[in-house]
Amino acid sequence: MAIATRQARPVESPQTLPRHNLWEAMCKFVRTKPLGTAGAAIIVLMALAAVCADLIAPYDVYEINQQLQFAPPSLAHWLGTDEFGRDVLTRLIYGARIALFIGFASSFLGTTTGAALGVLSAYLGGKTDLWLQRLMDILLAFPLLVLALAIVTVLGRSIPNLIVAIAIPIIPRTARIVRSSALAAKENVYVEAARALGSSHLRMMVRHLVPNVMAPFLIVLTAQLGSAILTEASLSFLGLGTAEPTPSWGLMLSGGAPMYAEKAPWLAIFPGLAISLAVFGFNLFGDSLRDALDPKLRHRT
Amino acid sequence: MWQYIVKRLLLMLPTLIGVALAIFLLMHVVPGDIALLILGGDQGGELNPQELVKLRAQLGLNQPLYVQFLVWLWGVVHLNFGTSLWTGAPIMEEIMIRLPLSLEVAIAATIISTLIAIPLGTVAAVRQDTWVDYVVRVVSIGGLAIPSFWAGILIILFLVIYFEWAPPLEFVSLFRHPWENFAQLVWPIVSVGYRYAAVTTRMTRSTVLEVMREDYVRTAWAKGLRERAVVVKHALKNAILPVITIIGTEFAFLIGGLVVTETVFTLNGLGRFMVDAIAHRDIPVVQTLVLLIACIFVLVNLIVDLLYAWLDPRISYR
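Sequence lines, in order, name chains A and D. FYI, our numbering numbers position 203 of the first sequence as 203, with every residue one higher than the one before it. So our numbering is basically just the index in the second sequence, starting at one, shifted up by 1000.
Isolated chain A, as found in the complex (with noise of 0.2 Å):
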């Protein structure tokens, strides 16, 4: 906003979701996005992981059993066994579950409140757009850590106050994001048509402007699902998350993890390969789809 750019820009056309069939839809993405298919893959798994962890766990997640510390890779424990005798592989399998949920409510709370701020910063314009973007930047220039640190440090460590803590620097970044698709969206003619008509401001935002930041919405959803989920892992890690016992995977490597590596180093692989796995996953369905509804990547040359 500072920079004056001396060559005039075109106002770029709605990003709109395409309204066709929505199964050719996802089947023009198999054939032609083989990575992010591969992504959606992994979600899958690790969803119907989380979904039947009931079912396939192997073991109980809390029993403790004394005489199977450290107990190596085996066919009895696939993955092995931590230093209170907790099957490992059981516990990674629930550990999607809070892995999940958490990287979900949080995306979701974070980029929706952040989509809010943004169409109502974009649409209201003058003061309140002017104090709101100070805001923001205010929250950006926060290292996000401290933020997060303050935030379960004040409300205590649980973990719906683990998911507002995640949330909060989410919404900045939405935010800004969907401010500048509303504001390219708010120079339609037919959302001056509507104003003309006599809409309400509550129709104006929600029927006109709602519709046409939903692409970059669901892109920066996408986006912030990977992220949110390995922040949840680093603040656990921290001792700052989730708390024992748990089966969170951050916590999982917090504990014994670093110290035992020698002895027992599938405690420090494995629940660092989950995250790694499903941030991985979350990554590159994310990336398929941003290309996919972008309408400036949508053609080749």
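Heads up, some of the hints might be wrong.
Said to hold, decoys possible - 20 Å max Cα-Cα, derived SDA-like pairs, lysine to any residue: (1) A:Lys33 - D:Val1138; (2) A:Lys28 - A:Asp291; (3) A:Lys33 - D:Gly1142; (4) D:Lys1007 - A:Lys28; (5) A:Lys263 - D:Phe1163; (6) A:Lys263 - A:Gly85; (7) A:Lys33 - D:Lys1007; (8) A:Lys33 - D:Val1126; (9) A:Lys28 - D:Tyr1134; (10) D:Lys1007 - A:Gln133; (11) A:Lys33 - D:Gln1128; (12) A:Lys33 - D:Glu1210; (13) D:Lys1237 - D:Leu1225; (14) D:Lys1223 - D:Asn1238; (15) A:Lys33 - D:Val1132.
The set of hints was computed from the structure by calculation and includes no laboratory data. In this text the structure is predicted, and so the values were computed from the model without any measurement.
Given chain A's structure and the hints, the job is docking chain D onto it.
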């Protein structure tokens, strides 16, 4: 141009004051205070209420909130950041112990990752949807997916098993012992740099992809220029601006955001300092650090904007 820079620097002030005020209020909402922690009251031990009142008065915690804030702000204006309530040492001194380490890791990671990322991202974009593109994308998405603390744990595990390596106890300066300094920081830099390179590679790929569809690139092809000339002179030069933005933002983040990496490699950097200060409710330290990081963030943004104007003659200062 100088007028523009001065104007931008003045515009920084409201944001910085906003950040300072926000962190001040946030820290006062956090339950518990440092006087209680110093006297060990948080462990439920015997507490002398008189002593507590005395210590609070000594630390200035008995004054109204706005007085505390204004006193601190007045000090900052005079470049006096106060003393740490926890150690009693001047905050500037405490920061100067840790700043070289954080700066070195941030700068080295920036240089290395930029050198890797820009060529890789460009090649992936030019060869879109070929195996080169797929490999670059998988490796760079991997860089985003692998938590840096896990990468750190694996590196340490590897070093300990194969080289009987031990984590360093004290930071040695680059200028006094270059070799030891290198041995100390190379692994943290690698584990941070991979993630950083991944971010930059993805940005480069997507902006180059966009530019390759522009009319002037098609014209360059039509003129019969060699691929190298088209890609480097026409496409990359125009695609580089958003990449610079992301390099700048990431650099600003690295200065204070490496808590996790510092924890894994037992480094005494600014990120660790911040987390400890929050745990101790050492409010002046937290405020100064947040202000420092916000300052770096805003300054880096200014430098990025100036670079924009230097690289792209169409952009001028208002």
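Against the structure, test the hints numbered earlier, and report the numbers of the ones violated in rising order. 4, 7
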